[in-house]
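Asker: So the sequences go chain by chain: A and B. Its first residue numbered 51, the first sequence is counted upward by one per residue in our numbering. Its first residue numbered 1202, the second sequence is counted upward by one per residue in our numbering.
None of these hints come from the bench; they were simulated from the model. Predicted, not measured: the structure shown is a model, and the values here were computed from it. Cβ atoms here follow ideal geometry from the backbone N, Cα and C, with glycine treated the same way. Hints may be right or wrong, so weigh each one.
As the list claims (entries may be wrong) - With a straight-line Cα cutoff of 30 Å, these simulated DSSO-like cross-link-like pairs (lysine-lysine) come out: (1) A/K344 x B/K1441; (2) A/K166 x B/K1375; (3) A/K234 x A/K344.
Claimed, not checked - Here are a few chain A residues that face chain B, going by a calculated C-beta distance under 8 Å: (4) L138; (5) V149; (6) I155; (7) Q180; (8) V318.
Spelled out, the chains give:
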Amino acid sequence: METQALGWWGVPLAIAAGTLRGSAPFLFVSLGECLTEKSGKINLGLEGTLLTGAMSAYAIAYLTGSPWLGVIMAGVAGMMLGVIHGWLSQQPRVNDVAVGIAMIIFGSGIAFFLGKPFIQPSAPPLPALQFGTWSNLPQVQSALQISPLFLLGIAIAPLMQWFFRSTRWGLYIRAVGDSPDAAKAMGISIFKVRMLCIIAGSFLAGIGGAYLSLYYPGSWNERISGGQGLMAVALVIFARWRPMQCLYASLLFGGAQAIGPALQSVGVDSYYYLFNASPYILTLLIMIFTCSPKRTLNGAPGALGQ
Amino acid sequence: MINRHNWRSTVEAICIPLAALLFSLLLFGIFCALAGADPFGVYASIYRSAFGSWRAFQNTLLRAAPLMLSSLCTALPARLGLIIIGNEGAIVVGGLGAVAAGLTLSTAPPTVVQIAMAIAGIICGGLWIGAVGALRHYRGVNETISSLLLNYIAIALLNHLVGGPMRDPSSLNKPSSYPIAQINMLGDIPGTRVHYGLIYGLIACAIAYFLIQRTTFGFAARVAGGNIRAARIAGLPVGKLTMMICFLAGSSAGLAGMVEVAAVHGRANESLNANYGYSGILVAFIARHNPLAATLVAILLGGILASGGSLQRSHDLPDATVLVFQGLVFLVVLFSESLYGRFFKEGSGVRGRESAVTV
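Model the full assembly from the supplied sequences, consistent with the hints where possible.
Answerer: Printed below as a string of structure tokens:
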């Protein structure tokens, strides 16, 4: 609706606005997955974590009236799922990818089960910062509404990069992820490091869920995540396990996601569904072009998937 | 030829899944109690609405049919050490192919149309997952993730086709393709309300079992799944094996889509995307990727799915309860993998399959 006055110029603007709004869940989930994978485990179950986070954030915000309390509870709920994944995926002969699939089913089951009563009522949304007041165009103003949560995510990315590169704990995590034997020789508990990484990663993913239900799109229903948690896995590969690149990749994915709705708003809707699938198609193409059967990918933690 | 070693692993292979199922029942009971429902009442109504009467059991069998076919999509590649979870996408694409075949051939004799629909479903699903195998072999793309992405792409394709090019203008609220003529639909097995899809499922599982356990092709696949380097050194065509297994896997799920279209819905619409894919993954894992065991597990899980409605009606539990139950069963079954070989010191005949996942 709002782009109609601008005609076709509304399309790039709507995509930019969609990028600024829709990237945050990708960002949080991919940073969480990046942390998890750096320690040598894959958590495919972040889709369930995202849904559980979205549900608990919405429920807590509705019950207490405080959206920020909801955000924290979303992280805590994510951590609980992380504990299950972290413990189970480290049992002998248990495959972490399979546990991830199970956690998708379990996590979304829990979210739908507990979230049923919260589909109707409306919870207080997160506040937004207005960066567009310099412009007279209402479209630009609404496009530049940014959630502080997104800014927090943007701040976490360089912080995590620094953490991996320059801190003792970052070194421990990289050691565990690259060569568990060497880490063991250094006296690091592989189980503990991986457990903490998975729990912290799930915390971030839960917060990504809170962003979905409390900011954009800003309501709770069962189709709210639509595979964003799963794409995080591909996103981290695309980002070569570097937190800063996770940020850029998230922006790209958020933008891809906004193409379909942006075109629909100017009346191009014959390929609406196919454009909606563009983040998945993009991911697949990226993987086809960047993977190779001859070598493992640059930057991949050595113990990943073993 | 039962020796001590075999005997022990057989005991394990029977007792551990049973214990896992019992334990997940216990956990689910606790969950129900916490949610304020009487666990025993819940179990009783699950049993009643799944296996309690012939009528209820037919409902279960109806749901078991696509699960059997769908589970093969995960179970067959698992023999090669590949974790494929693109079942849902292959079902959708197979269903689309079947509808396209059914609509173009609508004037041919019914048997011809049905065979054409089955072949179209098989080919479409097969190519869909076959592409996953090809990407894995030629580009080293992780098969779990590519098949997962293809699920979403398939669903978008379905929405696009039934909302646009294939849309029947009379389907207002729920965009659908034109319907297949009633005469071309798969009928019911005489004397029951169960359609012929069940027979398709049973035959496909039997063929898959025979193929894996009794042929050189299956043997080669198992060798490659056990140790891919050894298989390469032994001169096995690993790439060809990967793609063929993936094609067969996809074609079973594609057949499931054809069954859903040709026996249940009669047209392609969003009902094709009914989560049989994800439940099929669960069936494959509980059955430990054994196609014969998959038939039994599919019936068991079909029963649980069939009971969803009655949980809603008589216990006031949301329909997601069944999803929680499935998740719990899946988690416990995965945990039980770590128990094999723990109880008998020497006998560790059945091993969890190490997968060759590289990202």
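Asker: Now look at each hint and say whether the structure bears it out.
Answerer: Evaluation of the provided hints:
1. With a CA separation close to 17 Å, the supplied pair A/K344 and B/K1441 stays within the 30 Å bound.
2. Among the hinted pairs, A/K166 with B/K1375 is consistent with the structure: their alpha-carbon atoms are about 23 Å apart, no more than 30 Å.
3. At roughly 29 Å between alpha-carbon atoms, A/K234 and A/K344 fall within 30 Å of each other, so this suggested pair holds.
4. Because the beta carbon of A/L138 sits about 6 Å from the nearest beta carbon in chain B, less than 8 Å, this interface hint is met.
5. Among the interface hints, the one on A/V149 holds; its C-beta lies about 6 Å from the nearest C-beta in chain B, closer than the 8 Å criterion.
6. Because the beta carbon of A/I155 sits about 4 Å from the nearest beta carbon in chain B, less than 8 Å, this interface hint is met.
7. Interface restraint check for A/Q180: the shortest CB-CB distance to chain B comes to about 34 Å, outside 8 Å, so the restraint is violated.
8. For A/V318, the interface hint is violated, the least distance from its beta-carbon to any beta-carbon of chain B being 13 Å, above 8 Å.
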